[in-house]
Every structure is written in structure tokens, then in C-alpha cells.
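Protein chains: 2
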Amino acid sequence: MGAKFISEKNLNFLLYDIFDVERLTRSERYGQHNKKIFTMVVNAAVTLARSKLYPILDEMDKNGPALVDGKVKVHPQVRSLMAAYGEGGWIGSSFPEDHDGEGLPTIVANACRFIFAAANYSASVFPELTAGAAELILTFGSKELIDTYLPPMLAGRWQGTMALTEPHAGSSLSDITTTAFPTDKGFYAIKGQKTFISAGDHDGVDNVVHLMLARIEGEPAGSKGISLFVVPKLRPETGGKFVSNDVVVAGVYHKLGYRGAPITELSIGEKNDCRGFLVGEKNRGLACMFQMMNEARLGVGLGATAIATAAYYAALDYAMERPQGRRLSEKNPATPQVPIIEHPDVKRMLLFQRAIVEGSLSLCLQCCLYTDLAKTTQGDEQQRNLLLLDLLTPIAKSYPSEMGILSTSQAIQCFGGYGYCEDFPVEQYFRDSRIHPIHEGTTGMQGMDLLGRKMVMNNGRAAMLFVEEVNKAIAKATAVPETATYAGLLAQALERLQQVTAHLFGVAGEKGPETFLADATLFLEMTGIIAIAWQWLVQANGAHEAIEKGCRPKDLAFYQGKLLTFRYFFRYELPKTLGLSQRLMDKDFITMEATREHFND
Amino acid sequence: MGAKFISEKNLNFLLYDIFDVERLTRSERYGQHNKKIFTMVVNAAVTLARSKLYPILDEMDKNGPALVDGKVKVHPQVRSLMAAYGEGGWIGSSFPEDHDGEGLPTIVANACRFIFAAANYSASVFPELTAGAAELILTFGSKELIDTYLPPMLAGRWQGTMALTEPHAGSSLSDITTTAFPTDKGFYAIKGQKTFISAGDHDGVDNVVHLMLARIEGEPAGSKGISLFVVPKLRPETGGKFVSNDVVVAGVYHKLGYRGAPITELSIGEKNDCRGFLVGEKNRGLACMFQMMNEARLGVGLGATAIATAAYYAALDYAMERPQGRRLSEKNPATPQVPIIEHPDVKRMLLFQRAIVEGSLSLCLQCCLYTDLAKTTQGDEQQRNLLLLDLLTPIAKSYPSEMGILSTSQAIQCFGGYGYCEDFPVEQYFRDSRIHPIHEGTTGMQGMDLLGRKMVMNNGRAAMLFVEEVNKAIAKATAVPETATYAGLLAQALERLQQVTAHLFGVAGEKGPETFLADATLFLEMTGIIAIAWQWLVQANGAHEAIEKGCRPKDLAFYQGKLLTFRYFFRYELPKTLGLSQRLMDKDFITMEATREHFND
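Chains A and B are the protein sequences, given in the same order. Counting from 1, one number per residue, gives the positions in the first sequence under the UniProt record's numbering. Counting from 1, one number per residue, gives the positions in the second sequence under the UniProt record's numbering.
Keep in mind that the hints are not guaranteed to be accurate.
Intra- or inter-copy, both count: the list cannot distinguish identical chains.
Simulated pairs of lysine-lysine, DSS-like, Cα-Cα distance not exceeding 25 angstroms [stated by the list, open to error]:
1) LYS331 with LYS224
2) LYS62 with LYS73
3) LYS73 with LYS4
4) LYS9 with LYS554
5) LYS511 with LYS331
6) LYS331 with LYS282
7) LYS576 with LYS587
8) LYS52 with LYS36
Source of the hints: derived by calculation from the structure; they are not laboratory data. Computed from a predicted model, the values in this text were never measured in an experiment.
From just these sequences and the hints, can you work out the full model?
Laid out in C-alpha cells, this is it:
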């Protein structure tokens, strides 16, 4: 049966008890599906994850990609994995059926993505990136591009990438210098350099398709002069031939973790023979890319949650089995040692991890549901779903990413010295998880996105909708004696958040945007805790209902464990908003005052 | 000149402005020294660290120890390093002069230890462990043991170790099963297994001397039946010969970080030919070992501080140089990008790191000073210094260890994607630092030590003395307008801590020790923040005095930076005690309620 890296029971609880995914099958878009199909899909994902991904977790980490003769060699299993992803329909799982997709709701497709990432994060990114790139082509590309690129990509024969970052332009995308020179032959000649391109090249596929940002020569500086191109590694020519498209791998990074996936540096058009094909309108590249980016951010949140979930189950398993020490009440040293799960401090560390991972998973799936609901609703209802999705995306990206580091670190701590050694997977999870606060927009960028953009867009309507949603859960929980106290705690925290927000808007007016956003990362942290508390209250409402309805005896401990973890979050994590709100409300703008001279010692 | 990994200016500020180390030279014990000598010693440490330790930081990480033909091979430079440590007097730096030591105060010796650890943590532990083991022999061993073992250990020719942990007895030391069988030949026959023994064997020395815990056959179970032995790898025989002492290396661990140091598994007496020599009284082994352990815990705190310090300077250097993005007020994309230190969020991350590392270093040196003062005072005054040292040791071990993970993680974040790659040292610092919450007593054990032992010993006198010390700093800062507000903030936090303590003592009476200690780790965290705030207030008082006295213009920015970082700690870190005290004051004992069944899903 192998090691446990996710809980199917918890996943089903979220999909059906909490988010009522079945309701989607009553819409036209998802009418061809039913719960049985969803269950089969999730089961198939678990099977693939157990049989092909988890077994090479350690190997892929220890034998990272290597640049050999200009080509990136990855683990030999990647080729058969890509084929399996293609054959199983995993790459196109949420694509429409008339484009070789499975037409699954985002929430079901992402539940599977979560399973793959928990089994082996590095191995899970190849199809994810391909799907994201393919979706961009499908949404914005010409029929010719769609017909040429989608089939081999969805079949897992061609890898897709997002080629944004350049050596001098990471968070500052508007500064890219890769240039597209117009020709009169239906393509652009591309020249430049890209760095940190995930799966930028590897021998597990026959071709690589970069969705690349570049500035068309002569177009304006900054973000408004950036266009999006398809830039293949090998370009298809008439007659079914392929020729090299002058995209050269200049290097592969050696990384702290996430070692199974090749992160590459690319040199493009060194021989002036690189062709790019415009996707979407000229100078609208950043807007197009952001469709993919928002999904990728949700994917990062899910990936971070997944790694921390696997670490949690490794720690739980160890804590159940490892004898060490005795209860404090036991003074006789001749009695046998107890499993460490008997120690309150170990239970605290386990509840911490569980509160993080199950809260994060719930929030990520909530965002997926909004995506699906936006696709099955119209007008104001659709707008509502889109606004909530927009508001929550930076949180769903960052909370799991930041807390994932602490959660995997606590997993190590449960193991003691053994956790620090390569004999157990937790040290790898700790390393793997550290990428998440960085890629697809750092936590700092997410903070500015949330406070500077999402909180104010549409006159703050998204923020109002969020408060409405939280209040719905509070109202429900208030009516039940067991949860009423906790509902009150969240109501207080939400009130604090609103005060902080009003205060910060005042700062914006008084001091300008830089001071307003100086502590945006902390605002993001505070909002994140409250969003997760909301998800925990929603889960508590669901668990309580299930118990009330009279669940099966073997499910009772699960629901009780849910309620216990929910209480943990409210008693140990939610109070962190006290310190954060105190900080955010004060007017000692220390970081605005600091200059580089202050750091000279 | 190479990369900066510590600030000599800050070290001098702490040693002389804050802790007035010169006062020690007015005591009989340290009367042979003066400030000039201390300065020369610190400078020599910096030179050794720069010339021999830092240059092999990366190499030692990448080429970890290997077990070859039963022997542990380490980096080839370790041998010349050990010789340099020996020749320079670094191993015996705080040993009395009549035992080949330098007779330096602990605070000066540890300032040097800090410098070595910041340059290359793995390389710094070899002499530390040797010094600790040698000190145990000197304090508790017979003249014969001292004469035989001390000279080659202090010369760096023989390695010392602490051999405590066994496969089934880590935190639960009282469960060790290594056995010492009495003989009538002046030694014991030792048999057993030890694990996680740092520097347990390596080819950089001629011999290894284990200070090993074992139970003499027939003695009581539990901690009261444990004795301490010297168990050499090669035992000296008459005529200057050495024979193998039947201590076999069964394995070397492959670790997340701290890879330059060999952590070994030992099999002892497999051929019934291992001889151990009793150190101190029979059955008093744990008490003896705890002398070394307390110093080792302080050493861990210093080591964690040192790694985070090096990471901070790497991040600072990068932030000063790396252009990325523009000020928010700058809308023109054609203007050059600014160094990232111009961004408030980056300044926040840097101030966070600096607040952690300079606060931690201050606390660690404060503990060293108490050690020295205890050696130069008598009676009640001595008792006072010892009690403060005892109380603060778990904090000085844990705060830097736990916060070191977050601090090195923020260093990575300052680098963005580059920080995740092996091209820069910060990813190694992040891995190296993760050992500290584990070794020499996990954070959970430190929490129980603080709340369950140190807070109540001598009827709570240590805790009262701590409050007195904090109040002294508060009184001084209250008298100065610039610091008065902050003094008030610390007074409030201290008041909260006293309320929490009283509440927890009530819980102890009502619910018993297990509930009392269930959240001891959080009590430790809260006390840690307050202890660091105290140290920052002491530093602010010192910086303010220096400015008032009229410092040199080039020092002014340093003192102003100090005051800014002090304010950062009070505005961003101290508020975390609000959430912690709320948690610690509530009576929802969730971890006591949780059973293993709740975790079944």
C-alpha cells in the first residue's frame, strides 16, 4: 500500500460535503458528468500517483537534471510519465471535449493536481506547465497554432513552458529586453535571454513549446509594449519535418529543492534563426499571460499545500510508531516508552500541520469552485465569482507557500534528528517547499497585489463580497452552540481586519502609495489567517452537520478530528492577527525611514 | 577582502559599549588580560575565519564525510584546521593557563566561536566539541585522565565528542542501554550503541575521545543510574603505544545541512574489548554531562545566530547591488531600475534579519557574561548570576534556533530565485540552520525546561531576577524621550508575561503537570521575544548614550541603524506576544483532549 501522502477521506469531505461539487453537474457546461465520474477520476489520479510518481520521489531528488551536450537529461521515467499523463487525459483534463479535453470542472482537475503534487512535486509540474501553455494557445492563439500545437501538447509529447523572467527582470517584468523583430513571413524573429524557465528543456518529450514574452521592436517601454509568442524548440515545417529553432539551453540551475524539475536558462536567437508566432493581440502579452499566471498561482498554492500534506502524513506515521519518553505522570522508568503522539507538544505540532494543510486545501479548492461557478453563471453572479476569485488568488498562493515552510519544518521536528537526515522524506519536503514563496510572483508581490489592487478594484466590491461570505459562515456557526464561541472569535478578527483596512486607506491618502503598501506583506498575512479561519469555520459547519445527520461510526472520529483541528486553528493561529493588526495600525513607518546608510556597519 | 559574514563593529559595540567586558580584567581571575589582548584575540579569530574557514564553506557542504573502510573521511583541510585551532590556543581559549589554556573570559572565547561559526558552521564544531569534552575531563576526571587526554585534545590532535544519544533514546536520555561492566583492572568494559554522535570519527585527527554515558551493570533504571566515561577510539597503552578500543563506526548520516561535520553511529564493544574510564562519581553521569550540555546549548544559540548573521550579510550585500524595479512613485519605465534595498518590503526583510541576529547575539553574550561574572563573584551575587544564566539558557538556545530558520529563509527571499540556487550561500545557510532546534535538546525540551524547571526553581527567584533586570533597562529608557515609548511597550509585555505565568501556575495546581506544560513551547516563544526585546532596549540605551556623548561621524549611522532596528523589533516582533498571551491564557486544552483516533483519516 505504501506511504500515505494525502487523505482521500478529507478530499472527499471537501469535494462533496463542503463544496458540493455535484451541483456543477446540474449546469449545462458540466452536465455530461456525475459524481461517479468524478470519483473515478480522483481514484485514477491516486493510482497513478501511487504507482508512478511517489516511487521516484527520492530518485528524482538525488539525480537532478543535467545539461549534457546542450540537452537537458531528466529522470528516465519522465518520458513514460508524460505519456501516461497524455494517455490518461490528465494534461487536458479541464479542456473542452472538442479539443481533446475531458471537460472536467477545475475543482476536480485541481484535486488531481494536488494528488500528483503530494506524491512528487517535481514530477507533477511537467503536465501542469504544459496544460497552462496549451490553454493560452487555445484562448488567444490562431486556429493554425491551436491545430499545430495542442494535440501533441495534450498528448504529453511536447512540453509547454511559461518564458517570462530574464536575468535582470524577475519581479520587474516590464523591464524585459527580449525582442521580436517583425518579418513579412508570418513570424517574428526573436532574440534575447530567459532565465528560471521551468521545464525549459528535457529529454522526456520530443519538443518544447515556450509561451514567451518579448517586446516587438519599436513598441513602447514598460508593460504596455510586451507581446506574447509561441516559440518552439523545434519548429514544424511543411512536410512534417522539424528544424531547430535556435533556442539554446545555456544552463540548468542546481537548486535547494524541487530538484527533479529542470529550471533552465535559455539563449534565444543567437544565430538569428529563432521564429516566434504572435499569440493574441500585439502589446497585450502581459494581460494574456496573466490568465495563465493566475491559474499558476493557484497551482503554487495547491503545490505548497500538497508538499506540506505529504510531510504531515510522514510525521503522523512516525509519531504513531516511534516510542520515546513517558507521560509526565509516569514516574517509573521501567515502564515502556510511549509513542510520541502521546506527548501534548507532539500533538500540538501535528495539529499545527493539519490545520495548515487542510485549511489551505480548503481555500485552494474554494478558489477552484469560484472558477467553475464563474463558468456556469452569468451577469452579476458571474461577476461575483470572478471578483472573489481575484481577491483570494494572492492569498491562496501565499498562505500555503509561507506556512508550508513552517509546516514541513514542524514535520522535521516531529522526527527529531532522524528528520534532518535523508533516510526520511521530510527533509526533501522542507527543501521542495521553499520555492513556493518565490516562483510565480514572490510573497511581496502578492501582498502588493492584494492590498494595492484587489482590495480597491471595483470600489472595494471584492472585499465587501469576501466579508459577506465570511459572515454567512459566521451566521451558520453562531446558531450552533458548539461553534458559536468560535464564530464570535472570527467576527472579532474580521472586524479588526476592516479597521486595519480603513486605517491603511487613510495612510494611502495621507502618505501616498509607497507608505500605504510598505507592510502589504503583513496585510496579506493577516488576511490569509482570516481567510483560512473562514474555511475552517465552513468545514466545522459541515462536520457538525454530518455528525448531526448521524454519520457512520467509523466516520465519527474523522469529523471529531476535524472539529478539534478547527478549534486548534481558532485558538492557536487566529490570535496571531492580534499582533499583526497592532503592527498594521501603528504609524511608525520604520521601513520608509530606513536608508541604505543605516545598514552600513 | 572577501564576503562579509559578521560585523566587527557590532561585536565591539556589544563587547565594550554594552557588556563592558573590560570590567572583567579588574577581577583576580581575568586580571592578566586587558582590552588590547581581547581585541587582538578577536582580530586573530577573524583572520583565521577569513583565511581558512570561509573559503571551504561550499566545498565542505558539497563533499560531505564518507565512511571508507570503517573510517570517516572528512574534508582534507580539517587536519590543518585542527592544528591551527590547537596552535592558536582556540580549543583551550577559556581553559586555565595552568592547563595549557588561555584563561580568556567565556564572553571573549564565545565571541570567537561566533566568528568561526559564521564563517563555516561545520568547520567550527570540531574544536567546540573537543573543548567541551576536555572541560568535562578537567572538571570531573582523575589526574591521570587529565594528564593523558587534555594535552592532545587542546592541541587539536585528538577530537572530543559527547556520546549521549542511542537509537531508542534521544530526548529520553534516561532510557539509554549502553552498559559498563565493572572489572578489577581500573576500567569498565563498555557495550552498546550510540547514534547522532557529532564528529564521532574522522581522519582529521589521530584519535577520538568520547565522553560517553552508560549505565553500570546492576545500577538503577532511569536517570539516576547513569555514569560518565571516557571512551577513546584508540587507547593509550604503556610505552606510548595505541591499540584499537573496539569502537566501530557503523554509519555516517547524510543530512539536510551541516554537511561538513560527520554525524556518526557507533557500535561499542562488539568484540568485548572496549574500555571506558569513569569520570566523576558513579551514577552522577547526567549531572556531569549537564555542565557540558548547558555550555553546548549556549553554543547552539551562538551557532544559530552566526549562520543567520552570515545569511543576513549575504542578503544585504545582494540587496545593495541588485537592480530590480522602481520606486512606486516613479511611473516612467525608461528610468533605470533601483537597487532592491530601496523597496520598503526588502528593507523590512533586512530589518527582520538584523533584529533577529543582533538581538540573539546580544542575549547569547549576556549569558556568557553571567558565566564570567559567576566565576568572579561570590555568595549571593554569584548565585544571582548563576540563576540568571540557568533561566536564560533554554531561551538563548531556542530563540536563535527557531528564528534562525525564518531569518535565513528571509535571506533567501531577498535573493528571489537566485537564493534558491546553489550559486549563492543562502540556501546552504537555510539548510545548516535547521539542525539547531533539534540538537542538544529540542525546542520542546527547552520549553519544558524553562517553564517546568527554571521558572519554579528556588521558589521562582530566577524569574524574579529576570524581571528585575528587564525593569532596570526599562527605567533607564524611560528617562530618555526617544526611548520612553518603547520602554512602556516592554513594560506592558512584561506585565502580560507575569499574568501568563501566574495563570499557568494556576493550571498546574488545578490540572496537573501535563496540562501545565502542554504549551510550554509557546511560553518559551513568548519569553524569548521579551528577552530579546530586553536586549534591544539595553542596546538602544547604549546607542543613545554613545550618540549623546558625541560619537565620530562615521559611527553615527551605525548607532542610528541600531536605534532603527531596535524600533523595528518593538514594532514588528514584540506585538507577537499579544497572540501568544491570548493563547496561553485560555483554557481550551485542545492538545490534552486530542487522542490518536482523532488523527485517523
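Status of each hint after checking the structure:
| no. | hint | result |
| --- | --- | --- |
| 1 | LYS331 with LYS224 | between (72 angstroms within a copy, 12 angstroms between copies) |
| 2 | LYS62 with LYS73 | both (14 angstroms within a copy, 21 angstroms between copies) |
| 3 | LYS73 with LYS4 | neither (30 angstroms within a copy, 37 angstroms between copies) |
| 4 | LYS9 with LYS554 | within (11 angstroms within a copy, 64 angstroms between copies) |
| 5 | LYS511 with LYS331 | between (62 angstroms within a copy, 17 angstroms between copies) |
| 6 | LYS331 with LYS282 | between (76 angstroms within a copy, 22 angstroms between copies) |
| 7 | LYS576 with LYS587 | both (20 angstroms within a copy, 17 angstroms between copies) |
| 8 | LYS52 with LYS36 | within (24 angstroms within a copy, 66 angstroms between copies) |
In this structure, the one hint that does not hold is number 3.
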